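Protein chains in written order, with full-length UniProt numbering: chain A, 1 to 385; chain B, 1 to 518.
Careful, some of the hints might be misleading.
Unchecked claim - List time: in silico DSS-like cross-link candidates among lysine-lysine, alpha-carbon distance up to 27 Å: (1) Lys240(A) x Lys384(B); (2) Lys458(B) x Lys241(B); (3) Lys76(B) x Lys37(B); (4) Lys458(B) x Lys350(B); (5) Lys240(A) x Lys350(B); (6) Lys350(B) x Lys384(B).
In case anyone wonders, no lab produced these hints; they're calculated from the structure.
All values reported here derive from a predicted model rather than from experimental measurement.
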Amino acid sequence: MSDTSQAAANSQATNGANGRFDLIRLLLEGRAFFALIAIIVVFSILSPSYFTVNNFLTMSSHVSIFALLSLGMLLVILTGGIDLSVGSTMAFAGVFAGFLLQGVPLEIFGVVLYPPVWVIAILTGALGAFVGAINGVLVAYFKVPAFVATLGMLYVARGVALLMTDGLTYNNLGGSPEFGNTGFDWLGFNKLLGIPVGVLIMAVVAILCLLALSRTPFGRWVYSTGGNARAAELSGVPVKRVQVSVYVLSGICAAIAGLVLSSQLTSAGPTAGTTYELTAIAGVVIGGAALTGGRGTVRGTLLGAFVIGFLSDGLVIVGVSSYWQTVFTGAVIVLAVLLNGIQYRGRKQRGDSSQDDSSSSQQATPSAMEAPAVESAAGKPASQS
Amino acid sequence: MINEHEVERTSGERVTDEAILSARHIAKSFGNVHALKTVDFDVHRGKVTTLFGENGAGKSTLMKILSGVIRPTSGKILLDGQPVSFDSTTDAQRLGISIIHQELSLAPNLSVRDNIFMGRELGNATGIDYAEETRQTRLLMEELDEPIDPLTPVEDLRLGQQQIVEIARALSVNSRILIMDEPTSALSATEVEVLFKVIRDLKSRGVSIVYISHHLEEALQITDHAVVLRDGIMTAYAERKDIDLEWIVRNMVGDNFDLGSPPSGYTMGDVALSLDSITVPDASVPGRMLVDQVSLNVRAGEVVCIYGLMGAGRTELLESVAGRLDAADGRVLLEGEDISRLSIAERIAKGLVLVPEDRQRDGLVQTMSVGQNLSLASIGAFTKGLLTSRRREQAVVDEAISNVHIKTDGGEAAISSLSGGNQQKVVIGKMLATHPKAVLLDEPSRGIDVGAKAEVFKLLSEGASRGLSVVFSTSEVGECLSIAHRIVVMSRGRIVAEFGPDVMKEEIMAASGEAVVA
Chain A
1 MSDTSQAAAN SQATNGANGR FDLIRLLLEG RAFFALIAII VVFSILSPSY FTVNNFLTMS
61 SHVSIFALLS LGMLLVILTG GIDLSVGSTM AFAGVFAGFL LQGVPLEIFG VVLYPPVWVI
121 AILTGALGAF VGAINGVLVA YFKVPAFVAT LGMLYVARGV ALLMTDGLTY NNLGGSPEFG
181 NTGFDWLGFN KLLGIPVGVL IMAVVAILCL LALSRTPFGR WVYSTGGNAR AAELSGVPVK
241 RVQVSVYVLS GICAAIAGLV LSSQLTSAGP TAGTTYELTA IAGVVIGGAA LTGGRGTVRG
301 TLLGAFVIGF LSDGLVIVGV SSYWQTVFTG AVIVLAVLLN GIQYRGRKQR GDSSQDDSSS
361 SQQATPSAME APAVESAAGK PASQS
Chain B
1 MINEHEVERT SGERVTDEAI LSARHIAKSF GNVHALKTVD FDVHRGKVTT LFGENGAGKS
61 TLMKILSGVI RPTSGKILLD GQPVSFDSTT DAQRLGISII HQELSLAPNL SVRDNIFMGR
121 ELGNATGIDY AEETRQTRLL MEELDEPIDP LTPVEDLRLG QQQIVEIARA LSVNSRILIM
181 DEPTSALSAT EVEVLFKVIR DLKSRGVSIV YISHHLEEAL QITDHAVVLR DGIMTAYAER
241 KDIDLEWIVR NMVGDNFDLG SPPSGYTMGD VALSLDSITV PDASVPGRML VDQVSLNVRA
301 GEVVCIYGLM GAGRTELLES VAGRLDAADG RVLLEGEDIS RLSIAERIAK GLVLVPEDRQ
361 RDGLVQTMSV GQNLSLASIG AFTKGLLTSR RREQAVVDEA ISNVHIKTDG GEAAISSLSG
421 GNQQKVVIGK MLATHPKAVL LDEPSRGIDV GAKAEVFKLL SEGASRGLSV VFSTSEVGEC
481 LSIAHRIVVM SRGRIVAEFG PDVMKEEIMA ASGEAVVA
């Protein structure tokens, strides 16, 4: 066969497609970005108070919670998994931090320990990592489907949080100067260079995720595990360790989100963040990631989180009832997935049509390979001779 | 309607017979791969017609066209002399053509009765008429002389009995033509006897059978007509009385495309890869071994071919050596060092790599680019500290693309933009980029055209001349006689024979249990 002529046909086919589909493709691929612009324009027209620096900063600190959860979720989804426990883990982490701020009574020694805030932050992060590690080990080593393992953790983490406070909320997170544990409100209320600390934390986590995914071996492992775990394994990728790692990182992200949220609210309640796991998934999906794994970007996920946050805050500002907000958010999510489908199907359809057209064989190759291989593929499990 | 017609055969003889189903000038292309090139084919009323041919000869493609799974690129199908075309297997079934695949399509959790009436349940006023379904099922089973209770769950039946249930299902939709793809491959000798009895019985009732099998002798017992395919062309046709095993083998293998000869002009090194009584148990059948005490030494610069039929244990052997499958027993030594306990990644680092059989399932990450696939197994080579270096990765990718001659627009191209042969080269290039000492390739030529095949073998041969140990498996006997210095034949998990490069194809096939030619 002539590989060169085929390569030429390939590039021709691609170029032709580019010319025709440029605008549609651009709109499709940048859909999260365009959606965000549209949301900002519409709400700015509807309400004069929407398009102000202050409002953007407020909305952004709301977004930072979603974005932190979504970034962790992105890592998990890229490997082809899902983490339903992040909302509960976030509440659990908040309650844990609140508990530590009240002081830890050590009865044996008859003293009460008041850890400083930075120690509390580290311990809370470790708690998130621990919760994630349980998820990861269940998924990678015990082969529990990710949906089920993390669904279980959704209940368990929430339950433990409720047990810790007996269902109550810690309202005093201020600490006291005499114990040296003040400063927890810094996370939620202070600004650096005019930007809320929560937003800065989100930015730092996003940059770390971006670096990890695009510039480290770990990032390549994550994408290959989600793209084809069997091929990745045979190429020497430590698939199981990668799986555990992404759940650990997702747990840490959830714990950070829990710290920021309880600081913003100046209270840590065990029922905080209910259904936030779904918002996080929505952010990732709106950002163009495939739930089947292997496809998705940090940039898209951030845009997705901003779309959700700016939309719901905008609806509040123009005075739409919260019931309608729920409806709108749901519609946006479905629309996003629908467009995902169109984008990926678009690729495939172009391939299918070229199969009939014998001059361009670009996408026909996958089926070409199946065809002669069928005899052996079909026979393998059954034949014992 | 009876259709008498004369056909000019490729062998030159003129045959007059009664054909119920005829394929005329059937061709099928998948992109640039021509799986079938103008094949004429007749199925005779009440007779068994067997299709012979090596893997990739086009047997399955032809069967799929006749049963409506795929449509031909050109040509026509005549049923009782009338042109027909089917868009689906349901269409074909309505016209009386059923196919029984190697992998049975029964629902194991349902009963025999429910399987037979799956999708076309008999209804009455209250829902499904179970009593009538049961009665009809019992009747079918009696006709087939196989007293299986209609209410038995299919999972409780032996494989042979499950096959009978499949046949019963085909008969229950009044099939006149039954296509059987490797029906005996999983059956015991007694079960084969039962199946053949059923087939003879079906013949006497006017059912026509198209039969595919790799077990040539077995097929000769039952067939009335033989058709041989090679590289998508019908090379021979004859009636049973005119042929013997030798005739089939001769027409099957033919003169192969030159796939090269064993590399020479250098001295082989010491033993590089050493397998010591590797044993892999069958997880589904206790006590059965997929690989049974296989020992093999491969020297640096040597090319070894492992030949065997489907299920001979080739894939399991190679996967266990590469660390994918856990071996129950045995050791793998690479340059004298025991690597049996190492992970896949560690074995790659030591210099032992596997190019898997199914590149879509095990070889490629479809969501990543050509370049990312090529560099996947050697990420460490372009990582500095914590971060990867784009520049150095580009160098790795460019080197791999030029080393294995991949025709691509560049490393950024999508995997799906490559032809099958080039995709295979990506998988090979990925593993060679790790600079291995020994490379295992499981059916490296599967699903690629003959030109790409020759290129792949040339690559391996060049690698060997630079001191690489190469072990590749194949189920095409022609490929054994290409670049291999040594041919090892596997059957039922064991090495049963070993040949030099001057062996005859027939000897290899005889050793594998495929055919015993005197």
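Exercise. Which of the listed hints are not met by the structure?
Worked result: Violated: hint 2 alone.
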